[in-house]
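Student: The chain contents come next:
2 protein chains.
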Amino acid sequence: MGIETAGGWTVPDDQERIIRTLGQACELCDLIIVTGGLGPTDDDLTRQAVAAFLDVELEFNKSILDIINAFFQRRGKTMAEKNRSQALFPAGSEVLDNPIGTAPGFWSRHGDVSIAAVPGVPAEMKLMFRNQIVPRIQLLEKGDVFVSAKLRCFGAGESDIAQKLGGLMIRGRNPLINCTCGSGDIVLHVIAHAKNKTEAAEMLEKDMSLVHNVLGGLVYAEGEQSLPAVVGKLLKQHHHTIALAESCTGGIVSQMITDIPGASDYFLGSWVTYSNDAKIQLGIPEQLIIDHGAVSEQVASVMAENVARHFGANIGVGITGIAGPGGGTEEKPVGLVYIGLQIDDTNTVEKCLFSSKNRQWIRSVAAMTALNMVRLRLNI
Amino acid sequence: MGIETAGGWTVPDDQERIIRTLGQACELCDLIIVTGGLGPTDDDLTRQAVAAFLDVELEFNKSILDIINAFFQRRGKTMAEKNRSQALFPAGSEVLDNPIGTAPGFWSRHGDVSIAAVPGVPAEMKLMFRNQIVPRIQLLEKGDVFVSAKLRCFGAGESDIAQKLGGLMIRGRNPLINCTCGSGDIVLHVIAHAKNKTEAAEMLEKDMSLVHNVLGGLVYAEGEQSLPAVVGKLLKQHHHTIALAESCTGGIVSQMITDIPGASDYFLGSWVTYSNDAKIQLGIPEQLIIDHGAVSEQVASVMAENVARHFGANIGVGITGIAGPGGGTEEKPVGLVYIGLQIDDTNTVEKCLFSSKNRQWIRSVAAMTALNMVRLRLNI
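One line per chain: the protein sequences are A and B, in this order. Letter by letter, the first sequence follows residues 35 to 414 in this note's numbering. Letter by letter, the second sequence follows residues 35 to 414 in this note's numbering.
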């Protein structure tokens, strides 16, 4: 599925402004997706504003009210009077089902332009986009066909990757390759367009394999797969089990791994050994901490080894570092992180020095780096 | 600091579209903040587009290039050639310092309108907004003075809170109260405007105490303080220490607590006891799991008690539940979570039934609920 994006508008909660923006957007595109403003409170103006823009009444939908009522009953709660407004829809619109929240969306038409409204709550919005909007977009497509794909990379910076790709990323090229970055991971968006789907798909596929060749192991996935999902898949494939001892990351890697449904197939458990006492309880010899410090290659190595043995996993990960803002020294600055990896009888430790001084960033990149170490070792 | 928002635009990476949008925005407002497009790759078009819009050249800034070079050297890396473009700025613009990334921003003028450009990377954008843009906005303010504040609530739904606040949330009222919601927490935005700052601040303060009176313990903080930060502050104030045993939340609460700098003052460590074996290692009697199931009041209670004893903390939290999508039964459906709380010699367990079927949502609301239980108990 591909479509050209005309742009986006963020509109303050003011009915006149929403109506004006809908008018402007109608001139630019064939489909307007409105997110948010479908809640039960007085600042939720999407229903009224769209109805006013279309010059139609708001109609009450009894069966939707019953569904909302049932939603509250399942939680053992009574529906607040305010929620009644969520059963109002612009006349002539089609109701879009919301299986995980109280606010359904709707789909209206203004001449040739479609207006879809979905809640702003991210989980609801994403689900409804996938299940309700995408199938309807596919019916609207005309003219050149766009196909796109994502390649997710970890282990190099944005500029390094761009340098490696060279002319592939040049503007105006077809396929076009764009680049966005998150917590140390880089997402390449490859977009091809052609007269028909087959041709566009061929161009896309050719570019994808070019990028794979250039970037090699830096690419960890295509599409929407996250790094924890990729690692989880590898662990399952190889019938491995994993346990973690996290210090500076404080549970982030465990949380990332357990975000994936079915993680219990390979994830046994973790220790968050934040204090030195907690590390000693994990069996890190006190003398090792005295001699080398809690943030050291030696401690990371023993953390990985001991946690694997403790949980009976064949892979153990130990992470110890200085996330800041305090605690850094000349010799061991903020951003220094050691990651130990025990796989069966082999123990390796990677020393990382993250230059950012941002605590959240250091923690999350350290967590991603640990997962990436596991990935690279299992991919061999 | 308060300012009225004219709206927002998301623009595809197309120079002509950026220029057209800048033109439209100039007609609507006194300040345009452009985020993103300052990276080193060819799809980063903000510098060029703003220069073209202002009809000025891009100027090379040698001292900024030296700073970017030094940034890479600190990481023990060589700057990629691509990064040179980040030392280019529209002629006549002021450079905005970026202490945590490679891309500096800039501040330009187009007649009476200011155009500020900052990177899109969230941590960099937020820091630069606070340190570089907010002080400059304060110099731009004219006419009515707006002051605003946030009240953060947890423990009731959006519609319940709106019902309780009644007329306070009515549209057109001054102060105006808006409402946004995240992972079960509700943020109320109170915005007052008046001829001068003193008057506006008085109106705001009056409304804030009205809301506090109506909502009581549902309000956990004002401003930008997160629930984990509030809980951390309480733990520190009361000289408490805490340890966690997390099952279905898989490390989220530990991660939230350790996100706060200085958490080592009160956080000792956690177990992520994902498997039954891991629970048994924590000292949960196997018979208890056989009799009542791993997801039970009894197991949550013993998890809290044992983890506190194990780490020598006076507060222990035990969380066990079914986050889904699999694993639910008629009797124990997806969304059922038990949270045990041991404070000194007192043990309580709360049974929660989250109606959402979304795994991420259940996990994160369960984590917030656990933190909120600690907050409510310590606030008494």
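Watch out, some of these pointers could steer you wrong.
Below 30 Å or equal to it, Euclidean Cα-Cα: the simulated DSSO-like pairs (lysine-lysine) are [unchecked claim]:
1. B:K231 to A:K391
2. B:K231 to A:K385
3. A:K366 to A:K385
4. B:K111 to B:K184
5. A:K366 to B:K267
6. B:K240 to B:K111
7. B:K96 to A:K198
8. B:K231 to A:K160
9. A:K184 to B:K391
10. A:K391 to B:K96
11. A:K198 to B:K111
12. A:K160 to A:K270
13. B:K267 to A:K391
14. A:K385 to A:K270
Sample of chain A residues lacking proximity to chain B, with all beta carbon distances greater than 12 Å (derived) [said to hold, decoys possible]:
15. D100
16. Q120
17. L173
18. K240
19. G251
20. H344
21. A401
22. L412
If you're looking for bench data, these hints aren't it; they were derived computationally from the structure. Quantities reported herein were computed from a predicted structural model and do not represent experimental measurements. C-beta: ideal position from N, C-alpha, C; glycine also.
Student: Can you name, in rising order, the numbers of the hints this structure does not satisfy?
Tutor: Per hint list: 1, 2, 4, 6, 8, 16, 20, 21 violated.
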